[in-house]
Amino acid sequence: MDELITYAPELARGFLENVKLSLVALVVSFILGTILVAMRVSPTPVLRAAGTVYVNVVRNTPLTLVLAFSALGLSDQLGLVFSDQPETNSFWIVGLGLGAYTAAFVCEALRAGINTVPMGQAEASRAIGLTFFQTLTMIILPQAFRAVIAPLGSVVIAMIKNSTVATAGGFLADSAATMKIVFDTTGASIPIFLGVIAAFMVLILPIGYFTGWLSRKLAVVR
Amino acid sequence: MSTSVLFDAPGPRARVRNHLLTLVSVILVAAVLYGVYRGFDAKGQWEGKIWEPFIQAETWQVYIIPGLIGTLKAAAAAAVLAMLFGAVFGLARLSDHAWIRVPAGLVVEVFRAIPLLLLIFFIFYLAPSVLGGGDYAFFAVVLGLTLYNGSVLAEIVRAGVLSVARGQSEAGYAIGMRKNQVMRMVLLPQAITVMMPAIVSQLVVLLKDTALGYIIAYVDLLNTGFKILPAVFFGSLIPAAIVIGIIYVALNMSLSYLATWLERRTRRSRKVTAGPVEPPGAMAAVGAGQPTGGGDLPIVD
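Sequence order for the protein chains is A and B. Numbered according to UniProt numbering, the first sequence spans residues 1 to 222. Numbered according to UniProt numbering, the second sequence spans residues 1 to 301.
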């Protein structure tokens, strides 16, 4: 227990970095994921194919490889640099890499949501003379959005947990790296491990319960 | 396109518009690809010299194949153990006895919510002090993957058994079967068919997550291909990333196709009374702390 108290400030700083990384990745992945899903459901075969290739490649590549490649390949070799500070640079590299990775899952969650809306809904709305835009905004999206809450919650939770892989992208200030550094001096310490995972659970469990509750509350009864 | 809920079958005007859109998007995609090509070219990434190692048999024999074997070994060991873990804890969560059900539920929920890398780190550092000196990279990777994926599989098993129509177990009890007979002879045979796609999808996640071993220096494909190989053949970092990326994608996609095929077969089958269990989206190092109450299917990820 003493070890946890001694190292608490450092561990908290590490955890805060995970939260910050997750926020960056959240924004990036939702924007990119929305663009991707628009591509994947568009009436244009080329855009559909491009979206499909991106999603399949990214989903089947280990996140560790994505982040290591972003850091060593994109940043060091190809000169994609955001900042002169190595730590700030790797923060953005990891944040954007995690966002680009999670975008594939956001896209799939959104697409699954659109697919839960039965054909009959769109057909009925066209039959009563709604335009394409009205059908989209008044019939399909409201239903799709409700179906998507719980899966998106899962994606966000997974993303928060994945932010610990930041080490692979050369960002050495997050929880995993901090815990490792502390373990190097104290040896494996059960209180420290429990403290770190408790922090994650405090962040993750409410998101899971909230999105689960919200999706049940808003569920479309069919 | 007529199968999409979003769009009506296009008329003449919509078809012209779609063709224009196609043209614009071809130009756009081509521009992006050309931009990437030029970016690589400017940094000399297309030079034959740095790609040459990958057409030599020795590179594959010394670096890539041993790494691939390391990855597959860890994945196979963890897959077998995780399925055992999942079966035991999934069934334990369905037990009628609270003293079995509650602890099993706790274990499953906790291991699903821990970031996998932290778990692997912890095991990696704890093992030497408990079990004595030695190299525990393989042990930590396999145990971490087992505990995490096993917990997800336990949820799949539970959802699979709960998804079998109630009449099935009631009929079993009505003809005088015991609890374990109902489970063994009525519920599990149907549940396993239903669970297969979700299980295979989770195995894809497991295979992908073996790459976390890279961080604790386990000798896997990512380690030999992306750390050691570029150190030997200077400048080949990007080609190496592309080659091992292709290997990972090919491995995972073939497993994913197996899952899709199994799912389609399950949907067709009339022998089972339940639809396929929601396959957990294949996301690495994940596990949603998504609470699944009662008979909900786990929307794990």
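One or more of the hints may lead you astray.
What the hints assert, rightly or not - If we take Cβ atoms under 7 Å as the criterion, some of the chain B residues that face chain A in the derived model are:
id, residue
1, Val-29
2, Phe-54
3, Ala-57
4, Leu-212
5, Gly-245
6, Leu-262
To be verified - Quick look at which bits of chain A chain B covers, simulated, 3 or more residues with Cβ under 8 Å:
id, stretch
7, 6–15
8, 19–29
9, 51–60
10, 77–85
11, 90–97
12, 109–121
13, 175–186
Said to hold, decoys possible - Output of the computed footprint for chain B on chain A, the stretches with three or more beta carbons under 8 Å from beta carbons of chain B:
id, stretch
14, 124–130
15, 201–208
Calculated from the structure, these hints are not laboratory results. Keep in mind the model is a prediction, meaning the values are calculated, not measured. Backbone N, C-alpha and C fix where the C-beta goes; we use that ideal spot for every residue, glycine too.
Structure-based check of each hint:
Evaluation of the Val-29/B hint against chain A yields a held restraint, the C-beta minimum of about 5 Å falling below 7 Å. Proximity of Phe-54/B to chain A is violated relative to the hint, the smallest CB-CB distance being about 16 Å (cut-off 7 Å). Given hint, Ala-57/B at the interface with chain A, is violated; its Cβ is 24 Å from that chain's nearest Cβ, farther than 7 Å. With a least beta-carbon distance of about 6 Å to chain A, the hint placing Leu-212/B at the interface is held under the 7 Å criterion.
The beta carbon of Gly-245/B comes within 6 Å of a beta carbon in chain A, closer than 7 Å, and the hint placing it at the interface holds. The closest approach between the C-beta of Leu-262/B and any C-beta of chain A is roughly 18 Å, which is over the 7 Å cut-off, so the hint fails. Only when three residues or more bring their CB closer than 8 Å to a CB of chain B does the claim for the stretch 6–15 of chain A stand; here the count is 0, and the claim is violated. Under a criterion of three residues with beta carbons nearer than 8 Å to beta carbons of chain B, the stated coverage of the stretch 19–29 of chain A fails, only 0 such residues being counted.
Interface restraint, the stretch 51–60 of chain A with chain B: holds (4 residues with C-beta to C-beta distance below 8 Å; minimum three). A count of 3 residues in the stretch 77–85 of chain A with a Cβ less than 8 Å from any Cβ of chain B is obtained; the coverage claim is therefore met, three being the minimum. With a threshold of 8 Å between beta carbons, the proposed coverage of the stretch 90–97 of chain A by chain B is violated, since 0 of its residues qualify and at least three are required. Counting residues of the stretch 109–121 of chain A whose CB falls under 8 Å from any CB of chain B gives 7; the rule of at least 3 is met.
With 5 residues carrying a beta carbon less than 8 Å from a beta carbon of chain B, the stretch 175–186 of chain A meets the three-residue requirement, and the given coverage holds. Restraint check on the stretch 124–130 of chain A versus chain B: 1 residues with Cβ-Cβ distances below 8 Å, three needed, restraint violated. Restraint check on the stretch 201–208 of chain A versus chain B: 5 residues with Cβ-Cβ distances below 8 Å, three needed, restraint holds.
Checked against the numbered hints above, the structure breaks hints 2, 3, 6, 7, 8, 11, 14 and satisfies the rest.
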